[in-house]
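S.K.: Given the sequences, and given the hints that come with them, work out the whole structure.
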Amino acid sequence: MDELEFRRQLYTNPRERSDALIEEATRTPKNKKLFDDMQQFECKLEQALNVEVPDALAERLILSQSFDDSQVQYRRKTRVHIAMAASIAFVIGLSFSLVNWQVPAGYDDMGQVALQHVYHEMPYTSGVDEQPSLQTINAKLARYGASFDELPGDVVYVNHCAYAGSPAFHMIMKGKMGSNVNVFVVPKTTELQAVQSFADKKMHGMVGSLSHASLVVVGERNEPIEKTLAFLTADLNQAI
Amino acid sequence: MVVDFFRKKNQTDSVMSDMEAKQKRYEALVQAYNRDVYRYAYWLVKDKHIAEDIVQETFLRAWRSLDSLKDEKAAKAWLITILRRENARRFERKQFNLVDIEDHSVADVNATSTEQQIENEWLRRQIDKLAPEYKEPLLLQVIGGFSGDEIADMLELNKNTVMTRLFRARNQLKEALEDDQNRGQSNG
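Sequences listed follow chains A and B, in order. Heads up: the first sequence is residues 12 to 251, going by the working numbering. Heads up: the second sequence is residues 179 to 366, going by the working numbering.
Worth double-checking, as some hints may not be accurate.
Said to hold, decoys possible - Quick list of in silico lysine to any residue cross-link-like pairs, SDA-like style, CA-CA up to 20 Å: (1) B:224 to A:60; (2) B:352 to A:15; (3) A:55 to B:308; (4) A:185 to A:244; (5) A:43 to B:349; (6) B:200 to A:51; (7) B:352 to A:54; (8) B:224 to A:151; (9) A:238 to A:101; (10) B:313 to A:24; (11) B:352 to A:57; (12) B:254 to A:69; (13) B:307 to A:22; (14) B:307 to A:58; (15) A:44 to A:33; (16) B:226 to A:73; (17) B:200 to A:71; (18) A:55 to B:224; (19) A:151 to A:173; (20) B:307 to A:53; (21) B:307 to A:57; (22) A:44 to B:353; (23) B:224 to A:51; (24) A:213 to A:101; (25) B:226 to A:71; (26) A:55 to A:26; (27) B:254 to A:62; (28) B:352 to A:20; (29) B:202 to A:74; (30) B:200 to A:79; (31) A:238 to A:151; (32) A:43 to A:26; (33) B:352 to A:51.
What the hints contain is simulated information worked out from the structure, not anything from laboratory work.
M.R.: Here is the structure:
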């Protein structure tokens, strides 16, 4: 290694410790001095570059990631819900457009009955909050061959009711927007004309299909009832 | 028969443990590299707050694409690459008012400063005066601990260019230091 190369190596990477470099460093007093100089200089350089890092930077980085994470998860969840609701609506639309023709005309359709029922009972149910237990709900649901594994939400009222003269399950729960959402489980034996969705000026509703019953959800127009229908359909255990 | 309610739960569990593993990996990455990444950012922008903002952005982006990091040994270079891109983006977004370092009152220099601290601060100013193309390879080598080949990869230069720039960066600093010392001696 000549002197020029020695100098070049010391300046490009003073922390290098190759045998050739060490050998050259010990060859002459002048080289030894340059080597020591550059080591000392590198220490100063390292010290100068080593600026203070803010306190708790790592913790703040982890914290901001946790917020970012919850957003991503939330977005994913809503996407799944929308996808579920869309596919359920699609299947319902498909099946009911076929079924529609087989039901004799002249009967009330399921949606109108649901709306009438909700309006009729509104004076009695608007302020109630009976907080029925899971057991109470399942005891009433058993007759329709279904049950929940856990409370499906903020349930304020549950009972049997007469749905166009036939027995049905009626549950009221708090919707996303805070108003009451009515849920009916209507046995398939009821000869009501099937619809997939219905609405009037104030309320809207959707009908989903269980194995032996129809699931009807009615709520105010700003309530995202398609979501309610989707998760209830998913959460209901249906005995065959 | 009952609609299989438990399958959904199991899937949720496995999603959770994937998330936990990713979370642990991220936290390890933060603990291992936050200091070096911050120092690098600081020397790029010379402002504590902007540096921290860029580091935040860098680690958030790292989190979002953590799955693309296959080789843990490449983690530091990967983070620095994200950081450099983040810094470039900052300039695209908005042209900041650049404040000359001479205008800053530097907190480190005060009445109780030792001679060593004063020299340290002096050297910092000299480093900051280096042209960016000399400064950045030096930062990558001293703060990042990267080899000549790695620096060449990150800066998309050939290795000889990187070596030349490292040589010139140290040469400039060393000459400035010697000039300063000589002046000090002749004054004294």
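S.K.: Looking back at the numbered hints, which does the structure fail to meet, lowest number first?
M.R.: Per hint list: 6, 8, 23, 24, 31 violated.
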